[in-house]
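Asker: Using the sequences provided together with the hints, build the complete structure.
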Amino acid sequence: MNTTPRNEFLGGIQAELPILVGVIPFGMIYGALARSAGMPPGAAQAMSAVVFAGSSQFIMAQLWGEATPIFVILVTVLIVNLRHGLYSASIAPYVKHLSSSWKWLLSYLLTDEAYAVAIVHYRQVEDGSGGKVTLETGKQHWYFLGAGLALWSTWQISTAVGILLGAVIPDSLSLDFTLTLTFIALVMPTLKGKGELVAALVGGTVAVIGAAWPLKLGLLCGALTGILAGLWSDRK
Amino acid sequence: MTALWFTMIIAGVITYIIRLMFILLLEKVQISEQVKKGLNLVPPAVFSAIIFPDLFLKNGDLAISFMNGRLIAGLLAIITAWRTKNIVLTVIVGMVVLTVFQVLIQ
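Residue numbers (our numbering), protein chains in the order written: chain X, 10 to 245; chain C, 345 to 450.
If you're looking for bench data, these hints aren't it; they were derived computationally from the structure.
All C-beta atoms in this analysis are idealised placements derived from N, C-alpha and C, irrespective of residue type, glycine included.
Only true hints are included.
Simulated restraints, written as ranges between beta carbons of each label pair:
# : chain 1 : residue 1 : chain 2 : residue 2 : range
1 : X       : Val177    : C       : Glu371    : 43 to 53 Å
2 : X       : Lys105    : C       : Ile408    : 42 to 52 Å
3 : X       : Leu19     : C       : Glu371    : 22 to 32 Å
4 : X       : Gly74     : C       : Lys402    : 20 to 30 Å
5 : X       : Gly47     : C       : Ser376    : 45 to 55 Å
6 : C       : Thr443    : X       : His106    : 41 to 51 Å
Answerer: Written out as structure tokens, the structure reads:
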């Protein structure tokens, strides 16, 4: 099966769609929160393009409203976004052959939501479950780009709506749950061996234990202990 | 308000460097088998660390019970994903179960 940039690009957008249902209310809530924290509309909107990382934008808006020292805000952003370093390392082998401009562009788009669909696609292509396309001849970076741009535009627009209208979505709709459900759909096919299963169970459990820890440390510690536990269970 | 813009731009640069760092570094460095194995475990470990708290906690407290709609919906979504590997179907099953649950309980 041959793949074209266009097919890959559209495939990436399509894969991102269910995630976007959950991203829209999230972006709107951020916009509303940033305004109520006293950020001018222009700055609140620019943040979505300059930082482009949901959780850390929420925390920044909150800390800004509480007049937190800038240094503390920056360290917080650093720690909250450290998990993206794991994404960067895990996706690196797949984008190795690309030009620098592609690398710089895709890095900018490397959020939780774009990483999730891109890495699953790369893995499927790699073990042949996604057709006969090899990574060398493949155009999977277009898929990554499609997913990333779909997310990026949705994030900008939903931020703008949140800034203008406030968050008008009733809580009872639970649209944020679509994010979790999409991650479930993406994680299940990755549980191929004992190591993956252990990584998932330990990572999830530690994250539950650490859910109340500040700076999303529960998530970061969960991810790291999950990886280590998975490696340990797979040791020879 | 320049302080806000300053903070934002530095935060953006920090975030960007974190995302770019390994993509640029690993181009030069040969990675070992062990590291490769670890990187393969990033998706299951990170996604579960995002999923579990949303399913098992309710208002910050551990809620392993039939009264926890997100847990029930999540478990059925897990079964759906496992059997069908279909993302859209998994999302639909989860949302329908959660909505039905909320209507019945409230």
